[in-house]
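Engineer: Protein chains in written order, with the working numbering: chain G, 1039 to 1245; chain Z, 101 to 833.
There could be a bad hint or two in this list.
What follows is a set of in silico ranges between Cβ atoms, one per label pair, in the way DEER data are often shown [claimed, not checked]:
hint, chain 1, residue 1, chain 2, residue 2, range
1, G, Q1108, Z, R149, 30 to 36 Å
2, Z, R827, G, H1125, 27 to 33 Å
3, G, R1126, Z, P133, 53 to 59 Å
4, G, R1126, Z, N125, 26 to 32 Å
5, Z, R827, G, Q1069, 25 to 31 Å
6, Z, Q155, G, R1126, 41 to 47 Å
7, G, R1047, Z, R827, 54 to 60 Å
8, Z, E141, G, H1125, 37 to 43 Å
9, G, L1129, Z, N125, 31 to 37 Å
10, G, G1040, Z, F809, 55 to 61 Å
Examples of chain G residues toward chain Z, derived with CB under 10 Å [as the list claims (entries may be wrong)]:
hint, residue
11, M1039
12, D1169
13, F1170
14, R1188
15, L1203
Since the hints were derived computationally from the structure, they do not count as laboratory data. A quick note: this is a predicted structure, and the numbers were derived from the prediction, not measured. C-beta atoms are modelled at their ideal positions from N, C-alpha and C, and glycine is treated no differently.
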Amino acid sequence: MGYCGSRSRGVSKHDYAVRLAACLAYLMLHQQDSVGLVRFDNRVRRYIPPRAKVTHLRVIIDGLQKSRPQHETELGHVFHELVPKLHRRGLLIVISDLFGDVDGLLKALAHFRHAKHEMILFQIWDPDELDFPFRQWTRFESLERAGDRRLIDPAHLRHAYLENLRQFRQQLTAGCHRHRIDLVPMTTDQPYADALASYLAMRRWLK
Amino acid sequence: MTFLNGALAFGAAAFAIPLIIHLLNRSRFRTIPWGAMHLLEAVVRVNNRRLRIEQLILLAVRCAIPILLAFCLARLVLTGWQALPGDAPTSAVILLDNSYSMDAAGNGSPHFAQAIEHACQIVGALSRGSEVAVIQTGGGPTPLFDGPVFDPKAVTGQLRLLDGGYGASQMPESFDFGLGTLQEMANTRRDLIVISDFQQSDWLSIPDTTIERIRQQIDAMPIPPAVTLLQAGRPIEENVSVESLAFSNTALGVGQDLRVRANLRNHGSKAYQSARVLFRIDGTQHSVSQVTLEANQAAQALFTCRFETPGSHVIEVEVAVDDPLETDNRYSAAVPVLERIDVLLVDGAPSSKPLESETDFLSVALTPFTFGRVKLPDLIETQTVSAGKLTEDSISTARVVVLANVAKLNSDQVNLLAEYVRGGGSLLIFVGDKINTDWYNQSLFRGTDGFLPMRIDALDGSLEKPEHSTRIVAQHFEHPALQVFNDRGNGNLADAEIWKWYRLSRADGDESRTRAEETPASGRADPLVMARLETGDPLIVERPFGDGLVVQVATACDADWSNLPMRPSYLPLMQQLMTTMASQVTPPCNIKTGEPAIAVLPGDSAGAPLSLTTPAGTRHTVRPVARGTHSLVQFGRTRRPGIYTLTGPGAKRLHFVAQTSREESDPRLLDREQMQELAADLGAELVGSSAEYVQLDKTRRHGREVWRFLLFGAMGLMFAELILQQRFTRVRT
């Protein structure tokens, strides 16, 4: 989530996710809904239980501010770990790039659905990850696994990458649809308020 | 494999450019921290090996493009690749023998006509786009056109207009010329075809080292030509020729006898018992002689003639026999006949008493008929003046000026004499008791810069002591003026006693060298000692000065210092000296083919257009150029043997005869074995006709120029590079 492309005006995917989460928390607390926060990477790093007080917003924002993108993401493992902690049926909003094993992720999401939780997945993309615009020889260094680097000619791999990306997104979309989970892709060059508004409008129309 | 433009092949080094760009790109990458590695890793894992191979293929294609382009520009030739018949143009050089031996008609038509027919058929059979150069070998290599010609019809048209009769073939020079021409030609198929009768006299006289040099020259060429020898004509058995005419070179006057010796040779096995030999003067038959020409033997015919009019005349000797080669049955020569030779005698010690004047003996010796009151004309006409009357007017008509015991001259007279000699006049200087030796050395010798041949040193000998006298060395004389005394019947110069003489020396004091040993540092010719005294001192010396000649005698011309004027040899000595001096400065009118014909004309004819007619009847306009007090006209295109006639001012005709050696009159040709040996030495192939040549040409292997293929290849690689680059970006997922 630490990636920040040239078209994102200095806002990394993590920054974008933090701001989006803060917005959602603000909206929900003003509707007297209880809002909690789970911060995770390959395991749960911070768990703030749900509260309905407006003052709880400061706790959540404080928790968001302290988060830093690090380590590899293990969504499936984290979600399985999280399910027992959520005793009451509720709405689970996941803000992530959802990178990792798709099958494992979908199984974990099915676990949530089995517990009767509503789920919304906000998938955060940087535009570079969607169109892979690189031309000259580039060494890609993994943000999540130290020492993992690849020196390639991106122009030769672009088509393959985009094809891989398409399959990944298709697989994810199909899985979410199967489990009746809303998947909302968002790009960091897109104003998150606009994206959020259009999503809420869509939810209202669906209801 | 070779290149026509070898230097451009170095452009292939440009293959390094894409290689360097590739390496630079790999080394100058940028680093991006990337999150979606799981999407990338799968692609890299699947395509990694394939990507490497594809990059290598692309790199190879990109490197190959500049290499192919460089080889294309350098015009790569695959020498071992056989060209398909008719698909590759040829650069062909034909060495065509047009020497006079090709005029022989061995089996009907002359050999030269057969050679022309062969050449035309060969040119006609050349593939489209071929270029051809024809070089005539007779008398030296002469190209038919200024450069190679692509139009075969133009070549055959000109070939059919050619005629033979030229001098002996100069084959080594012709090969050099032909190979040089081939190197300038453009096509990769290169042929050198020699069409000749292959006379032994032409080919066996070429040293083996020269043949070897020609072979090395052929082998060293970037594209060695295929050499073909085509023997035109058949051997002839009989031939009779006039080899030369011999006659005196000294000036000939009107009414004087000229003895001409014609040297004849029978080259065949058939004897002619009474062959008629015709002698003509200016085309009119003068006399006829009969000689016996034994088989393979030489014979002579003598003729004596006398010319009644002055001017340029042509004598011709023809042996009237029926042989296959008629061209060499006649021989011509030009004979200039003088009306008179004007000699100006400048007397340094005049006297009114008979034979007391310095030039009296000399005047008698030069005009014996006049003094003898005989009704015969003297060739030489003398005019005697004192030193003070040596003026431009008096000198203007003189062919020879004699200074006899002249003490000294004023500076104007010295300049006048210098200009006279430099412009082609002749000056004879006798010393005597009146001369001022210091003035002679300072004004006329001037440390070799003046026109006096040698410095005048001390006086030697004594009139009072006859025992101190000396004589002229009796020797075989090489100088034409003295050769007459090699026959003792004409007098003996050694009979005369020389009582007093001046010692003559060079500037460096060494007068013992001959001219052949001399290496003048100043570029000026050194004096030649014509005759010496027994003391070793030079008696008569000569030295060219400008276009003229100066002869210096170390003793007096009268009887004061020697008894030479009293001896019978005095008259022929002075006559020969004057006529030789008068004629020596005149350019020869019998020249070798190729040498320029030069005529000296009066100074006022400079720039005036004159007509010159060649042996073929062609008229050329030539213009004399001013040269000192005279003008000079020169015509260089004398490669064809025969008579060149210059019509000078006032329709006065001047004949030049261009003569060639008669070596080719020997009719023997190279036999089959000798031809094969010659072909082996030259790396050539033998054919007997143009049809055989065309057949041989079809089976030959030639180098093939492949620049078109390389160009197409380079363009194909450029397209391939574009397509591959597009295709390689669509890799498997």
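Engineer: Taking the least C-beta to C-beta distance, is G:D1169 closer than 10 Å to chain Z?
Structural biologist: Hint violated; G:D1169 Cβ to chain Z Cβ min 12 Å, cut 10 Å.
Engineer: Falls inside 30 to 36 Å, the C-beta gap from G:Q1108 to Z:R149?
Structural biologist: Holds - the Cβ-Cβ distance for G:Q1108 and Z:R149, about 34 Å, lies within 30 to 36 Å.
Engineer: Okay, G:R1126 versus Z:P133 on CB: inside 53 to 59 Å?
Structural biologist: Violated - the Cβ-Cβ distance for G:R1126 and Z:P133, about 40 Å, lies outside 53 to 59 Å.
Engineer: Is the hinted range of 26 to 32 Å satisfied by the C-beta distance from G:R1126 to Z:N125?
Structural biologist: 58 Å, violated
Engineer: CB of G:L1129 to CB of Z:N125, is that within 31 to 37 Å?
Structural biologist: 51 Å, violated
Engineer: Confirm or reject the claim that Z:R827 and G:H1125 have a C-beta distance inside 27 to 33 Å.
Structural biologist: 58 Å Cβ-Cβ, so the 27 to 33 Å window is violated.
Engineer: Quick check: does the Cβ-Cβ distance between Z:E141 and G:H1125 fall within 37 to 43 Å?
Structural biologist: 39 Å, holds
Engineer: Once the shortest beta carbon distance from G:F1170 to chain Z is found, is it less than 10 Å?
Structural biologist: Cβ of G:F1170 sits 9 Å from chain Z, so the hint holds.
Engineer: Could you check the hint for me, namely that Z:Q155 and G:R1126 are 41 to 47 Å apart, CB to CB?
Structural biologist: The hint (41 to 47 Å, Cβ to Cβ) is violated, given that Z:Q155 and G:R1126 are roughly 58 Å apart.
Engineer: So, as I understand it, the hint says G:L1203 touches chain Z; can you test that by seeing if any CB pair is closer than 10 Å?
Structural biologist: 6 Å, holds
Engineer: Mind checking the hinted window 55 to 61 Å against the Cβ distance between G:G1040 and Z:F809?
Structural biologist: 57 Å, holds
Engineer: Per the hint of 54 to 60 Å, is the separation of the Cβ atoms of G:R1047 and Z:R827 within bounds?
Structural biologist: 37 Å, violated
Consistency note: the structure conflicts with the earlier hints numbered 2, 3, 4, 5, 6, 7, 9, 12.
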